[in-house]
Amino acid sequence: MNTLQALDSTFENLTNSLNQFGLNLTNFNFQESDSFKHARDIHQDQLFQINTSLQSYNDLITDGPVLDESEGTQTQRHLRKFLTKYGLTVNERLFNDFADKYLVEVYSLSHQQIYRSINFFNLSSYDLGALTFIPWDKLFYRSEEDTLAMFNAINFAIDNDIEYMAPNIPVHFLTELCSNKKFGYKMIKLASVNDVNSGAPMGYLTVISVKEVLEAFQVLH
3 MNTLQALDST FENLTNSLNQ FGLNLTNFNF QESDSFKHAR DIHQDQLFQI NTSLQSYNDL
63 ITDGPVLDES EGTQTQRHLR KFLTKYGLTV NERLFNDFAD KYLVEVYSLS HQQIYRSINF
123 FNLSSYDLGA LTFIPWDKLF YRSEEDTLAM FNAINFAIDN DIEYMAPNIP VHFLTELCSN
183 KKFGYKMIKL ASVNDVNSGA PMGYLTVISV KEVLEAFQVL H
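Residue numbering for the sequence shown follows the numbering used here, starting at 3 and increasing by one per position.
Treat the hints as calculated values from the structure; they're not laboratory data.
Incorrect hints may have been included.
[Said to hold, decoys possible] Each computed EDC-like pair below joins lysine to aspartate or glutamate, with the alpha-carbon atoms no more than 20 Å apart:
#1 K213 - D148
#2 K83 - D197
#3 K184 - E146
#4 K87 - D70
#5 K39 - D139
#6 K140 - D129
#7 K183 - D163
#8 K184 - D161
#9 K140 - E178
From just these sequences and the hints, can you work out the full model?
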């Protein structure tokens, strides 16, 4: 089995694991999807790394939901498993900020996303293949001004070794291009992610609120 065939199986397994948490993701034929066209242009070594990363994420969540567990507690549980698996740590105060509807994302220092909480998939209309292989700016739109404000805050935190902060980033719109749905985006907390042994910075974590904005509200604003 080549890596592209293995990815087809990985996407099916991950979709089934996510659906254990009450999601309604549809299994798709990866090899007949738009994302497959993007994947074919990627070197085999990188495809192997992507498939391994997806399998690792599946391993984190494959045990399924815990009875009567809140969404916020579930997010904490999976994040702690992720951090432990890869020898990473964050400021413990961060875990006080996990309201049920907040999303959590972890990025490398080069801004590559390496983790997202399950509740993200309740919002997105894209299948797992698109989210993995199609460039972000082909899936979502954020204004240049808002993008600049966000990365200025992130780079400030990284450059100054700030462990934990509430960034001063204005609430703004994020548009899903396939559906034209608009979401109000607010970054609640920004935290550094460090090596558990050396303390060296390895990336950053964002706690965000993303809520779909009704059309009538958009007109008023």
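Here is how each hint holds up against the structure:
1. K213 - D148: Given pair K213, D148 holds - Cα atoms ~17 Å apart, limit 20 Å.
2. K83 - D197: holds, 15 Å
3. K184 - E146: holds, 16 Å
4. K87 - D70: Answer violated: K87 to D70 is near 25 Å, above 20 Å.
5. K39 - D139: Roughly 17 Å between the alpha carbons, so the hint for K39 and D139 holds.
6. K140 - D129: Since the Cα atoms of K140 and D129 sit roughly 14 Å apart, the hinted pair holds (cutoff 20 Å).
7. K183 - D163: Not OK: K183 and D163 at ~36 Å, beyond 20 Å, violated.
8. K184 - D161: violated, 32 Å
9. K140 - E178: Measuring from Cα to Cα gives roughly 9 Å; hence the hint holds.
In summary, the numbered hints that this structure violates are 4, 7, 8.
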